[in-house]
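Asks: Here the protein sequences line up with chains A and B, keeping their order.
For the first sequence, the numbering used here gives the first residue as 1, with consecutive numbering after it.
For the second sequence, the numbering used here gives the first residue as 181, with consecutive numbering after it.
Since the hints were derived computationally from the structure, they do not count as laboratory data.
A virtual CB, placed ideally from N, CA and C, is assigned to each residue, including glycine.
A couple of the hints might just be wrong.
As the list claims (entries may be wrong) - Quick list of the computed label-pair ranges, beta carbon to beta carbon: (1) A:Pro-103 <-> B:Ile-182: 27 to 35 Å; (2) B:Val-192 <-> A:Ala-138: 22 to 30 Å; (3) A:Ala-106 <-> B:Phe-208: 19 to 27 Å; (4) A:Glu-121 <-> B:Leu-231: 49 to 57 Å; (5) B:Ile-182 <-> A:Ala-8: 25 to 33 Å; (6) A:Leu-4 <-> B:Leu-231: 38 to 46 Å; (7) B:Leu-231 <-> A:His-78: 45 to 53 Å; (8) B:Ile-249 <-> A:Ala-155: 50 to 58 Å; (9) B:Ala-184 <-> A:Pro-130: 29 to 37 Å; (10) A:Val-37 <-> B:Leu-196: 13 to 21 Å; (11) B:Leu-246 <-> A:Leu-137: 17 to 25 Å.
Claimed, not checked - Part of the chain A face toward chain B, derived, beta carbon under 10 Å: (12) Ala-9; (13) Ile-39; (14) Ala-51; (15) Gly-56; (16) Thr-59; (17) Val-60; (18) Leu-66; (19) Ser-67; (20) Val-77; (21) Val-115; (22) Ala-116; (23) Leu-128; (24) Val-129; (25) Pro-130; (26) Val-133.
Said to hold, decoys possible - Pulled from the structure, derived: some chain B residues nowhere near chain A, Cβ distances all over 12 Å: (27) Met-181; (28) Ile-182; (29) Leu-183; (30) Ala-185; (31) Ala-186.
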Amino acid sequence: MVLLTLLAAITIGIVRLRNLFAVVVLGGIYSFLMASVMIVLDAVDVAMTEASVGAGISTVLMLGVLSLTKTQETEPVHTPLLPVFVAVATGAVLVFGTFALPPFGAADTPVNLHVAPYYLENSIRDTLVPNVVTSVLASYRGFDTLGEVVVVFTAGIAVLMLLKGKRDIKPGPKRRRVHR
Amino acid sequence: MILAAASLAVLVALALGVIRALRGPTVFDRVLAANAIGTGAIMLLALIGFLTGRPEFLDIGILYALLNIIGTLAVLKFFRYGDLSHPGGEEPAES
């Protein structure tokens, strides 16, 4: 509960600040707090992903973006009433949707009755992998994971092509040439 | 018991760090607060690991420490040189 309050405080700070550099730093703080919430919820793998991607990689990537643009956000030209309404309405619909969910950790939900017992029973015999999460991701849902890897790989290639083309045409104003 | 008390203390420390990050007048205050919050998150991770009887959370804590160092170094390098691909060295940024 304390962590969620701190998360809300950080979010309001991100919205209110106009200095984008400070916003990037606050984003890193947000990721660390979010990872702590994940740990409290006993989802250590999600927490590790959140910490590495949110606090590590995306901070560095955001700083790279800031070196290509300005670090001060301009004042908005229109009133934020309509975006506030859309955000509040979406949040209300999502909260309304959680009322239909089963309680946290319930063992008699369809998710836990369909194939999860089979995985837990036969994971060792089928795949010889001691970690059930790993065996589900890499063996039972291997094609799914392969598709995800293909998507991520394609996105990486596209980003590399975009950055390379941009740098050949017009180097940034503050960027110095680095000779290797 | 002592672990729960320590967890509460770490939570209070996290709250203080968040307050400093939100109110900090300069960017350096915020960077320092971010570093302190990262350290607090590591402490909280270790304490929760021992509270729930799984000390292997410590390995994940070490990973967090490495990430924290990388993030802080990237922020400080950007602040000094204005560019992440700068080769470094002693010359200050002109800005």
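Asks: Each hint should be assessed against the structure and marked as holding or not.
Replies: Now for the hints, and whether the structure bears them out:
no. : hint                                : in the structure
1   : A:Pro-103 <-> B:Ile-182: 27 to 35 Å : holds (32 Å)
2   : B:Val-192 <-> A:Ala-138: 22 to 30 Å : violated (42 Å)
3   : A:Ala-106 <-> B:Phe-208: 19 to 27 Å : violated (48 Å)
4   : A:Glu-121 <-> B:Leu-231: 49 to 57 Å : violated (30 Å)
5   : B:Ile-182 <-> A:Ala-8: 25 to 33 Å   : holds (30 Å)
6   : A:Leu-4 <-> B:Leu-231: 38 to 46 Å   : violated (19 Å)
7   : B:Leu-231 <-> A:His-78: 45 to 53 Å  : holds (49 Å)
8   : B:Ile-249 <-> A:Ala-155: 50 to 58 Å : violated (27 Å)
9   : B:Ala-184 <-> A:Pro-130: 29 to 37 Å : holds (32 Å)
10  : A:Val-37 <-> B:Leu-196: 13 to 21 Å  : holds (18 Å)
11  : B:Leu-246 <-> A:Leu-137: 17 to 25 Å : holds (24 Å)
12  : Ala-9                               : holds (6 Å)
13  : Ile-39                              : holds (6 Å)
14  : Ala-51                              : holds (6 Å)
15  : Gly-56                              : holds (4 Å)
16  : Thr-59                              : holds (5 Å)
17  : Val-60                              : holds (5 Å)
18  : Leu-66                              : holds (7 Å)
19  : Ser-67                              : holds (5 Å)
20  : Val-77                              : violated (26 Å)
21  : Val-115                             : violated (26 Å)
22  : Ala-116                             : violated (21 Å)
23  : Leu-128                             : violated (22 Å)
24  : Val-129                             : violated (18 Å)
25  : Pro-130                             : violated (14 Å)
26  : Val-133                             : violated (15 Å)
27  : Met-181                             : holds (19 Å)
28  : Ile-182                             : holds (19 Å)
29  : Leu-183                             : holds (14 Å)
30  : Ala-185                             : holds (15 Å)
31  : Ala-186                             : holds (14 Å)
In summary, the numbered hints that this structure violates are 2, 3, 4, 6, 8, 20, 21, 22, 23, 24, 25, 26.
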